[in-house]
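J.: Sequence lines, in order, name chains A and B.
Counted the way the numbering used here counts, the first sequence spans residues 1 to 353.
Counted the way the numbering used here counts, the second sequence spans residues 354 to 599.
Derived from the structure by calculation, the hints contain no laboratory data.
These numbers were taken from a predicted model, which means no experiment stands behind them.
Careful, some of the hints might be misleading.
Stated by the list, open to error - Some chain B residues well away from chain A (every beta-carbon gap over 10 Å; in silico):
#  : residue
1  : K355
2  : V357
3  : P373
4  : G378
5  : I379
6  : T496
7  : T497
8  : F509
9  : G556
10 : T568
11 : F594
Stated by the list, open to error - Straight-line distance between alpha carbons at most 25 Å, and here's what the computed SDA-like set of lysine to any residue pairs gives:
#  : chain 1 : residue 1 : chain 2 : residue 2
12 : B       : K571      : B       : S500
13 : B       : K396      : B       : K542
14 : A       : K200      : B       : Y414
15 : A       : K200      : B       : D366
16 : B       : K512      : B       : I593
17 : A       : K208      : B       : V367
18 : A       : K208      : B       : F371
19 : A       : K272      : A       : K314
20 : B       : K541      : B       : Y588
21 : B       : K512      : B       : A582
22 : A       : K200      : B       : I365
23 : A       : K208      : B       : I453
24 : A       : K200      : B       : D411
25 : A       : K177      : A       : Q145
Stated by the list, open to error - Short, incomplete list of chain B residues facing chain A, as computed with Cβ under 8 Å:
#  : residue
26 : E395
27 : Y414
28 : V418
29 : E419
30 : P421
31 : R424
32 : V428
33 : G431
34 : A456
A virtual CB, placed ideally from N, CA and C, is assigned to each residue, including glycine.
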Amino acid sequence: MTETVLVKGNEAIAMGAIEAGCRFYFGYPITPQNEIPEYMSKHLPEVGGTFIQAESEIASINMLLGASATGSRAMTSSSSPGISLKQEGISYLCGSQIPGVIVNMSRSGPGLGGISPSQGDYFQATRGGGHGDYRTIVLAPHSVQENYDLTMKAFDLSDKYRNPVMILGDALLGQIKEPLKIHKYKKKEFSKDWILTGTKGREPRLLKSLYLSEGELTEHNWMLSKKYQRMKRSIMFETHFLEGSKLVVVAFGSVARILKTSVQMVRDRGMKVGLFRPITLFPFPYDALERISLSIRNFMAVELNTGQMVEDVKLAVGHKKNQVDFYGRPPGSIPSPDELFNEIKKIYKKRIG
Amino acid sequence: MKQVFKRPEALIDVPFHFCPGCHHGIVHRLVAECIDRYGLREKTIGVASVGCSVFLYDYFYVDVVEAPHGRAAAVATGVKRACPESFVFTYQGDGDLAAIGTAEIIHAANRGELLTVVFVNNAVFGMTGGQMAPTTLAGQETTTTPSGRETVTNGFPIKMAELLSVLPGTTFVARAAVNNPKNLMRAKKLLRKAFEVQTNNQGFGFVEFLSACPTNWKMSPDQANKWVAEEMIPYFPLGIFKGETV
Ligand SMILES: Cc1ncc(C[n+]2csc(CCOP(=O)(O)OP(=O)(O)O)c2C)c(N)n1
Ligand code: SF4
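Just chain A, with the same shape it has in the complex (with noise of 0.2 Å):
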């Protein structure tokens, strides 16, 4: 039975957590995602969990891990500035291999920025973000049930890698009211053998990222690289209008959620215009953008900055005769349908006519 409420993208994301079995919250205040720590406090004790409020994101990345290490589903939650500080721990997770939700209702930057929407975190995310060479899954909603559906996905591929995720989302999808499909999570069983409980019947486990002698740890580093590489099973995307189309336009998140408006305004003009949008971030879907790169030869990226993920998309697809064009805006407003839907246009009568 699904039952609908209205709620706030951030509480979309406690609850589908709390639903997806995770029982620890560590966070530290930061706007625009304190409805997350609020239903946490409240929600969490009344199924048995534990909600902390933590000195610093430092501290609160750190008791997640430490919560993680024993099994327990564990999530944390902060915005841009608190993202940063929790990058050393999210270093530790990935090369210890032990998983953890980190959502990131980011906001803008650099420095304390402003609380307003921004998708100026994209490479910190994709990218690693902390020292050493690691990738943490990375899943981009898009509205206030993509943010409790991809919560409960977190949760499953984060178990699955034993690997952190990271849901990048911003204030817009924290704040935003929508009405919410609930629904039970389907329980999944994955293997942990590597959880620390004591010894009892065993041998002692460990969960370390160091390794000093030779030649360990170039294969702890081409061990974590395959994985990423096998993380490419869980690719996600989602496309409209493709069929017949001349220029695609690619975002993510709250901006690729205007866009699917300003698109539509566009087709209703005559203009074959189709949009991608990818919903794993890390992985980022290269293959199916170039897929698509073999029939449609113009490309449109649009973020909320000054020119991140851009860069995927021309990886994916700047080859040969494609062009790919950028439009973006850096934080303080959020565009309007109508304008992106002229901003199209423009880059459509350039390269189309």
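Keeping the supplied structure of chain A fixed, place chain B with the ligands upon it in accordance with the hints.
T.: Below, chain B with the ligands without anything else, positioned relative to chain A:
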């Protein structure tokens, strides 16, 4: 014949990598003895820190998770909250606990986490080559205080046991030394208390060990033991600062 001395079961039968005269090995043994004494080996989860003791897992026959430098108390908080039936200890140096990890230890202590914290104060950063630690004594020469620590520019050696003892969240806080048999016997008793407050669900237990680092102090093991007695103990008094009666 009655056996009166043997390797604790919680300690793996391998030689320590510590320098000759280093007290880390002694403190490791004391921790292992306590794990045995309370029958905790099969339910212990150790949290290793970053410093000369980072290879904790090579020596203890228990589950271990490695924490980033300074974050052991936060990691241990997560472990203990998620696995309350386990016995959780952290083992941290003075760079780890009293410099980079000050926020984590103060807040874990203040929340009264059910943890046992073993704090090894050797007045220097051992692993990185003997730089100044927050606990470096006034006037003490280190590789980053070549003419001695000047309190005007470097501040004062920090007294972690005293500092934590004033927090309402802590249950047992003490300082011990292992530089001679008498102090060592006393240290054993103090560590037991820090174990018991966790096993009895009473609260946060903390023991600071004044510890020799002959290598970075540029002393012989004997001289180092003497230096603990003559220079460290007068500034860092031994004893119980909180929980005399628990
Ligand atoms: C974030 C970070 N900064 C610095 C270091 C380098 N580092 C490793 S151990 C250490 C200090 C060790 O001193 P202490 O904690 O007193 O332990 P000891 O080696 O003396 O036992 C430092 C600064 C690190 N590993 N990580
Ligand atoms: S450097 Fe100092 S603390 Fe480290 S093992 Fe050697 S004596 Fe011990």
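J.: Hint by hint, say whether it matches the structure.
T.: Hints versus structure:
1. The Cβ of B:K355 lies farther than 10 Å from every Cβ of chain A, with a closest approach of about 29 Å, so its non-interface assignment holds.
2. The beta carbon of B:V357 is kept farther than 10 Å from every beta carbon of chain A, the shortest such distance being approximately 27 Å.
3. Listed as a non-interface residue, B:P373 keeps its Cβ farther than 10 Å from every Cβ of chain A; the least gap is roughly 21 Å.
4. Remark: the non-interface label on B:G378 is consistent with the geometry, its nearest Cβ contact in chain A lying 19 Å away (cut-off 10 Å).
5. At roughly 22 Å, the least C-beta separation between B:I379 and chain A is larger than 10 Å, which holds for a residue marked as non-interface.
6. At roughly 22 Å, the least C-beta separation between B:T496 and chain A is larger than 10 Å, which holds for a residue marked as non-interface.
7. Chain A leaves B:T497 outside its interface by the beta-carbon criterion, the shortest separation being 23 Å against a cut-off of 10 Å.
8. Every beta carbon of chain A lies more than 10 Å from that of B:F509, the smallest distance being close to 23 Å; the non-interface claim holds.
9. B:G556, annotated as away from the interface, keeps every beta carbon of chain A farther than 10 Å; the closest lies near 16 Å.
10. No Cβ of chain A approaches the Cβ of B:T568 within 10 Å, the least distance being about 19 Å, so the stated non-interface status holds.
11. With a least CB separation of 22 Å from chain A, B:F594 remains clear of the 10 Å interface cut-off, as annotated.
12. Annotation: proposed proximity of B:K571 to B:S500 holds, straight-line Cα distance about 15 Å (limit 25 Å).
13. Pair hint B:K396 plus B:K542 holds up; C-alpha atoms about 22 Å apart against a cutoff of 25 Å.
14. At roughly 11 Å between alpha-carbon atoms, A:K200 and B:Y414 fall within 25 Å of each other, so this suggested pair holds.
15. For the hint pairing A:K200 with B:D366, the CA-to-CA distance comes to about 19 Å; that is within 25 Å, so the pair holds.
16. The hinted pair formed by B:K512 and B:I593 meets the criterion: a straight-line CA distance of about 13 Å does not exceed 25 Å.
17. A hinted pair counts as satisfied when its Cα atoms are at most 25 Å apart, and A:K208 with B:V367 qualifies at roughly 20 Å.
18. With a C-alpha separation of about 20 Å, the suggested pairing of A:K208 with B:F371 holds against the 25 Å cut-off.
19. Straight-line distance between C-alpha atoms of A:K272 and A:K314 comes to about 21 Å, which keeps the hinted pair within the 25 Å bound.
20. Taking the CA atoms of B:K541 and B:Y588, the gap is about 21 Å. The hint holds against a cut of 25 Å.
21. In summary, the hint linking B:K512 to B:A582 is supported, as the alpha carbons are separated by about 17 Å, within the 25 Å threshold.
22. Of the pairs offered as hints, the one joining A:K200 and B:I365 holds, with about 16 Å between alpha carbons and a cut-off of 25 Å not exceeded.
23. Between the alpha carbons of A:K208 and B:I453 the distance comes to roughly 19 Å, so the proposed pair stays at or under 25 Å and holds.
24. Between the alpha carbons of A:K200 and B:D411 the distance comes to roughly 18 Å, so the proposed pair stays at or under 25 Å and holds.
25. Distance restraint check for A:K177 and A:Q145: the Cα-Cα separation of roughly 10 Å lies within the 25 Å cut-off, and the hinted pair is therefore satisfied.
26. With a cut of 8 Å, the hint placing B:E395 at the interface with chain A holds, because the nearest CB-to-CB distance is about 4 Å.
27. Hint status for B:Y414: holds, given a least beta-carbon distance of 6 Å to chain A, under 8 Å.
28. A cut of 8 Å between beta carbons decides the hint on B:V418: the least distance to chain A is about 5 Å, and the hint holds.
29. Look at B:E419: its Cβ gets to within about 4 Å of chain A, closer than 8 Å, so that hint holds up.
30. For B:P421, the shortest C-beta to C-beta distance to chain A is roughly 5 Å, which falls under 8 Å, so the interface hint holds.
31. A cut of 8 Å between beta carbons decides the hint on B:R424: the least distance to chain A is about 4 Å, and the hint holds.
32. Below 8 Å, beta-carbon pairs count as interface contacts, and B:V428 has one with chain A at about 4 Å; its hint therefore holds.
33. For B:G431, the suggested interface contact is upheld, since its CB lies about 3 Å from the closest CB of chain A, less than 8 Å.
34. At a threshold of 8 Å, the smallest CB-CB gap from B:A456 to chain A is about 5 Å, leaving the interface hint in force.
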